[in-house]
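Enquirer: Sequence:
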Amino acid sequence: MFLPARGCNLRTTLESGQTFRWRPWGPEGFAGILGTTVLHLAQQGSQIAVSGSEAPARLEPLITRYLQLEDGLARAWASTDVDPIIHAALQQTQGLRLIRQEPWECLASFICATFNNITRVEGMIDRLCRAYGRAVPYRGTIWFTFPEAATLARADARALRRLGFGYRAPYLVRAARQVAAGDVDLAAVVRMGYVEARETLLRVEGVGEKVVECVLLFGFAHYEAFPVDVWIGRVMRRAYFRGRRMTDRRIRAFARRHFGPACGLAQQALFHAARTSPELFAP
DNA sequence: CGCCAGGTGCTGA
DNA sequence: TCAGCACATGGC
Numbered sequence: 001m002f003l004p005a006r007g008c009n010l011r012t013t014l015e016s017g018q019t020f021r022w023r024p025w026g027p028e029g030f031a032g033i034l035g036t037t038v039l040h041l042a043q044q045g046s047q048i049a050v051s052g053s054e055a056p057a058r059l060e061p062l063i064t065r066y067l068q069l070e071d072g073l074a075r076a077w078a079s080t081d082v083d084p085i086i087h088a089a090l091q092q093t094q095g096l097r098l099i100r101q102e103p104w105e106c107l108a109s110f111i112c113a114t115f116n117n118i119t120r121v122e123g124m125i126d127r128l129c130r131a132y133g134r135a136v137p138y139r140g141t142i143w144f145t146f147p148e149a150a151t152l153a154r155a156d157a158r159a160l161r162r163l164g165f166g167y168r169a170p171y172l173v174r175a176a177r178q179v180a181a182g183d184v185d186l187a188a189v190v191r192m193g194y195v196e197a198r199e200t201l202l203r204v205e206g207v208g209e210k211v212v213e214c215v216l217l218f219g220f221a222h223y224e225a226f227p228v229d230v231w232i233g234r235v236m237r238r239a240y241f242r243g244r245r246m247t248d249r250r251i252r253a254f255a256r257r258h259f260g261p262a263c264g265l266a267q268q269a270l271f272h273a274a275r276t277s278p279e280l281f282a283p
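Numbering-wise, the working numbering puts 157 at position 157 of the first sequence, and it's gapless, one number per residue.
Keep in mind that the hints were calculated from the coordinates and are not lab data. Please note that the accuracy of each hint is not assured.
To be verified - Pairwise CB distance ranges, derived in the manner of DEER restraints:
| no. | residue 1 | residue 2 | range |
| --- | --- | --- | --- |
| 1 | 119 | 170 | 22 to 28 Å |
| 2 | 7 | 84 | 47 to 53 Å |
| 3 | 240 | 73 | 19 to 25 Å |
| 4 | 28 | 140 | 19 to 25 Å |
Note that CB positions come from ideal geometry on N, CA and C, so glycine has one too.
Working from the sequences, and respecting the hints, build out all of it.
Expert: Right, here's the structure in full:
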């Protein structure tokens, strides 16, 4: 089956640090699992070739939503194009889309991603799924679902330590318990606006000022979120503050004013541009 | 080997 | 509100 890519570039989007479970599959393809559905996606020009463990009629809405293929966000992206710096980043990251992820997987993944590098996060999450997810056989390979919060709530932090989670192990287990117990109700957060959702998610163990913005952006489609990690901090200080010291909070406040209500899109373009062309943003 | 990574929570000013 | 610190681990 084929879907119109509508300008989406798979590689740019799936290797942009928003998500950690896709693997290269052939020349222009990626394999992964959403929920219990195994997917093989391949870029073929203006189309995306799709196959997977469900009937095509079920794959289409799944992928359309995940990749936001009908997002109609062209105007939102354009609204962030307010100066030559972001303009260059946007040019360089054409085809980048904001993925719409499942909230719990997104939340748990970014707790794992704190003070960590993306390659290692991928390995950690892979081991987590193998240990606690459900097996889904497909075409001779056994895939694993992302573990439910209720499952991880019963896990022992020491077991996660042995999987290489370091000091994040107890955070992840406590976060799972908060979510599984309904203390933090992710289904309710879906219906909340940015401010209330932010306050609610900040109550989760291991979720601070940066992780919460990632989760709001990638898991709840709140495009006014603006995560400031070490990459974005560097880019912003260099490009907008003449290299001066600046707290993450002030960078975020500036970005919201400067780029407007879709500043999260600008953030993702800057993040990707900085990682793929560091020379443009060297300190 | 040393530096670094999509930081957080805590403490003391 | 902010700076400074400890925290585990492995990629490069």
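Enquirer: Next, verify each hint and record whether it holds.
Expert: Okay, the hints, checked on the actual structure:
1. Taking 22 to 28 Å as the suggested C-beta distance range, the pair residue 119 and residue 170 conforms, at roughly 23 Å.
2. For the pair residue 7 and residue 84, the beta carbons lie near 22 Å from each other, so the given range of 47 to 53 Å is not met.
3. Between residue 240 and residue 73 the beta carbons are some 24 Å apart, a value that agrees with the proposed interval 19 to 25 Å.
4. For the hinted restraint 19 to 25 Å between residue 28 and residue 140, the CB-CB distance of approximately 22 Å keeps it satisfied.
The structure is inconsistent with hint 2 alone, although it conforms to all the rest.
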